[in-house]
Amino acid sequence: MDVELMLKVYPFFLKAAWLTIQLSVLTTLLGLTCGSLGAAARLSRHAFLRAVGATYVSLIRGTPALIQLFILYFGGPQIGIQLDAFEAGVIGLGVNIGAYMTETIRGAIVAVDKGQTEAARTLGMSKFQTMTRVVLPQAARLMIRPLGVNINALIKGTALVAAISVVELTYTAQRYIGSTYKPFEMFLLSGALYMVIIYITGRGIAWLDRKARIA
Amino acid sequence: MNDAKPFLDIRHAQKSYGALEVLKDISLQVQRGQIVAIIGPSGSGKSTLLRAINDLDPLTGGEVWLEDTQINKHLPHRQYEKHINKVRQDIGMVFQHFNLFPHLTVRGNVTLAPKMLKGLSEEEAITLAEEQLDKVGLLDRIDYYPSRLSGGQKQRVAIARALAMKPKVMLFDEATSALDPELVEEVNQVMKKLAEEHMTMVIVTHEMGFAESVCDRVLFMDQGVVVEEGPPGVIFRNPQNERTRNFLRKHLEGVRS
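Sequence order for the protein chains is S and D.
Sequential numbering of the first sequence, starting at 219, is according to my numbering.
Sequential numbering of the second sequence, starting at 3, is according to my numbering.
Under the rule of at most 25 Å between Cα atoms (straight-line distance), these lysine-lysine pairs were calculated in the DSS-like manner: (1) D:168 / D:194; (2) D:117 / D:137; (3) S:332 / D:75; (4) S:332 / D:117; (5) S:345 / D:120; (6) S:345 / D:84; (7) D:168 / S:345; (8) S:345 / D:75.
These are calculated hints, taken from the structure and not from any lab test.
The whole structure should be built from the sequences, with the hints applied where relevant.
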């Protein structure tokens with residue numbers, strides 16, 4: 219193993235890791251937005267909105283994320299959508315993880331005991347008040363860990379945007395392999411940095427979960 | 003049985019799930035300050051009837067009136083929501099499984115609805131909560147989360163939460179059925195206190211002794227109909243109907259064994 223080479227190139231990998239972090243954060247934010255809207259649609263009393271939510275989830279979960287990225291980035295210009303690779307990566311991955319988060323959020327809301335809603339409605343609270351003051355505070359606790367699983371998958375999923383030439387961790391490894399012919403060292407470096415990001419995120423999620431339980 | 007206009011009036015209540023008829027043309031009038039117990043085997047429709055009063059389980063036929071307001075009105079969605087949220091403020095309900103809000107303290111549980119729906123300030127709401135918690139004997143638990151309370155305490159907090167809305171009538175849906183036997187009495191005591199204050203109450207219960215001691219009237223329901231109804235002395239001591247006698251006998255055997 220060429221440790222010397224690894225030490226020489228790792229600052230470039232750090233820069234790539236920073237891009238992976240940016241991608242992950244933006245994707246998480248977009249995913250949570252899509253997930254919240256999706257869950258609201260899935261739980262709506264309007265059949266049309268429920269159908270929209272269900273279609274979103276099944277379309278996204280029924281096709282590979284890579285295909286979705288390709289359609290957006292390579293196919294987009296044909297239908298008038300011009301995005302640079304980073305934008306396409308964030309939007310593609312965000313909309314993708316949003317479908318999974320839709321199910322996570324919906325599941326947590328549904329898991330709150332029906333008696334809670336009954337008690338609130340019986341006191342005279344509206345559906346909206348019941349949702350915001352009684353159901354969601356409880357569902358929020360239930361969804362922290364499963365959303366953490368979604369985010370974990372999303373961080374690893376950012377590797378896909380290497381395929382549309384975003385210079386993040388995976389693409390950077392491929393680039394240095396082109397010049398060094400040392401795939402073992404380069405992929406090892408990338409992998410190690412992914413692990414650091416995921417470890418820190420995981421600790422953060424666990425901390426949030428503990429915090430929510432105490433309160 | 004009374005000339006005065008009923009306070010709570012259930013007229014020809016009918017409820018079915020497809021072909022299954024769970025309430026078959028039930029009428030029940032409750033006067034202000036009256037306490038009515040509904041007894042009967044499980045599946046008899048007694049909880050369904052109780053939950054129809056605040057339209058938690060809407061009827062498929064018949065009407066429910068509280069004073070001059072029809073509760074189960076057929077209105078467009080938005081108007082119905084507005085209407086029902088208003089009338090439910092007048093109808094307190096206590097559930098078998100308490101349904102306290104676990105993310106709020108006892109204080110939060112009792113003050114949430116009055117603050118949100120009656121526009122009380124924080125101080126006013128807390129004063130109100132303290133009054134109600136004092137009534138159920140749990141003022142010293144005001145800062146506790148529900149998870150730290152016993153079942154009997156939880157149910158007393160649930161009663162205080164309902165009372166804080168100053169309801170005109172209280173509904174109890176097997177309020178003591180989920181409690182350990184030694185905790186039943188403390189909840190019964192609170193309900194007795196309400197009876198002494200002439201709170202109008204409709205109580206679905208398996209506690210025959212309690213029903214006999216506090217109620218003005220008892221309904222025995224079976225298979226979606228009121229089989230027999232009358233003063234507790236008659237229903238419990240001298241029931242006229244065979245099904246009532248069978249039920250009470252079986253129930254007594256169950257209690258003894």
